[in-house]
Amino acid sequence: MSEFKTICHTITADLKTGPDIRDITPELRGFVKSNGVVNGVIHLFIIGSTGSLTTIEYEPGVVADLKRAITALAPPDQEYAHEQAWHDGNGHSHVQAALLGPCLSVPVRDGALATGTWQQVVVINHDNGPRTRKIALTFTGM
Amino acid sequence: MSEFKTICHTITADLKTGPDIRDITPELRGFVKSNGVVNGVIHLFIIGSTGSLTTIEYEPGVVADLKRAITALAPPDQEYAHEQAWHDGNGHSHVQAALLGPCLSVPVRDGALATGTWQQVVVINHDNGPRTRKIALTFTGM
Amino acid sequence: MSEFKTICHTITADLKTGPDIRDITPELRGFVKSNGVVNGVIHLFIIGSTGSLTTIEYEPGVVADLKRAITALAPPDQEYAHEQAWHDGNGHSHVQAALLGPCLSVPVRDGALATGTWQQVVVINHDNGPRTRKIALTFTGM
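Chains A, B and C, in that order, give the protein sequences.
Our numbering numbers the first residue of the first sequence as 380 and each following residue consecutively.
Our numbering numbers the first residue of the second sequence as 380 and each following residue consecutively.
Our numbering numbers the first residue of the third sequence as 380 and each following residue consecutively.
It is possible that some hints are incorrect.
Which copy is meant is left open, so a pair is good if it fits within one copy or across any two.
Stated by the list, open to error - Subject to a maximum C-alpha distance of 30 Å in a straight line, what follows is the list of computed DSSO-like cross-link-like pairs (lysine-lysine): (1) LYS446 with LYS384; (2) LYS395 with LYS384; (3) LYS412 with LYS513; (4) LYS412 with LYS384; (5) LYS395 with LYS446; (6) LYS412 with LYS395; (7) LYS395 with LYS513; (8) LYS446 with LYS513; (9) LYS513 with LYS384.
Everything labelled a hint here was simulated from the structure, so no lab data went into it.
Everything numeric in this text was worked out from a predicted model, so none of it was measured.
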């Protein structure tokens, strides 16, 4: 019989200038398989304050639509107080990422991700340049 | 003394055309009671990419206000790239659901949900038709 | 060797009229240290339906920018159906909090928070008056 465990892991994902959106479901499936976990939850947390995580149907149309909506939440061509101190041009990135949120918890059932057929786990880079994003994975369960 | 455990469960909720919002707090209370869990966290994850989860004071006014705000985030009468490929009329549903997010984690304390008195756990259907939503519940704790 | 455990704790944070944003990373660090936890996840849940949690780079510019974006999501000077029943002037607070969400899960690695260097955990008060916010913390791991 399986025993309760915590498994810690980190994945990285290369993303382009934000908003850029990448499917990390294959990496999660690989994590489930290589660790032989059966039932529980994978907690994901993106390290850094200009990235976020969510789920979408990962097809080019939804990706384009979501990018537009994210941009509308905090357009890069507005003025940001963050710029007045830092002048790094990514005030909008911070706001977008804070509104979407840095974490996600995905269930595992019978040794597989319990996501929908057309539901992929995605990482979003909101920053104003390409970034290699680090995502901390923590499995709790059996 | 209680032992550490993972309990997996699925609840379903019938919802109308989105945005529709339904209180699932009674189902969560039933889960806590029937499983005799005492302290820990219930992780909720909605299966499918046009649904989401959050908490609100579940009264008709807030429900109406939140529906309006959700619609403003991604109005159905805009054009969506998702439509060009799929023509299923729910491009806005995908964007709304991605922005709100598919998961929620609710604490359990002394055998009860540790939510506020006027804070209910709700599932939201964003799709352009009625849907029976499946929500995966995973308890970790004692 | 460490054993699997669940640790429950509550922190409180005094906040001004919303949107007000406060860094609670020091409290989380204190929790990690005083409990000697090493690897796992801290689940945070704000009790009440007019507060939320996220992460930001906690500097005055980002704080100001995020306040503006939150206000734009649900401005206090719009009409809200919640007001017609309750007349407590915080219809916008409920909508803002529901969109941002009440929970957050932060990883712990090697006895420290695995957040970014410029990424702080913040609690947000959306209500139309000062509030002492209660946040339920649940650690699961070792």
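Here is how each hint holds up against the structure:
{"no.": "1", "hint": "LYS446 with LYS384", "in the structure": "neither (37 Å within a copy, 40 Å between copies)"}
{"no.": "2", "hint": "LYS395 with LYS384", "in the structure": "neither (35 Å within a copy, 39 Å between copies)"}
{"no.": "3", "hint": "LYS412 with LYS513", "in the structure": "both (20 Å within a copy, 24 Å between copies)"}
{"no.": "4", "hint": "LYS412 with LYS384", "in the structure": "both (15 Å within a copy, 22 Å between copies)"}
{"no.": "5", "hint": "LYS395 with LYS446", "in the structure": "both (13 Å within a copy, 27 Å between copies)"}
{"no.": "6", "hint": "LYS412 with LYS395", "in the structure": "within (28 Å within a copy, 37 Å between copies)"}
{"no.": "7", "hint": "LYS395 with LYS513", "in the structure": "within (14 Å within a copy, 34 Å between copies)"}
{"no.": "8", "hint": "LYS446 with LYS513", "in the structure": "both (21 Å within a copy, 27 Å between copies)"}
{"no.": "9", "hint": "LYS513 with LYS384", "in the structure": "both (23 Å within a copy, 26 Å between copies)"}
Hint compliance for this structure: hints 1, 2 are broken, all remaining hints hold.
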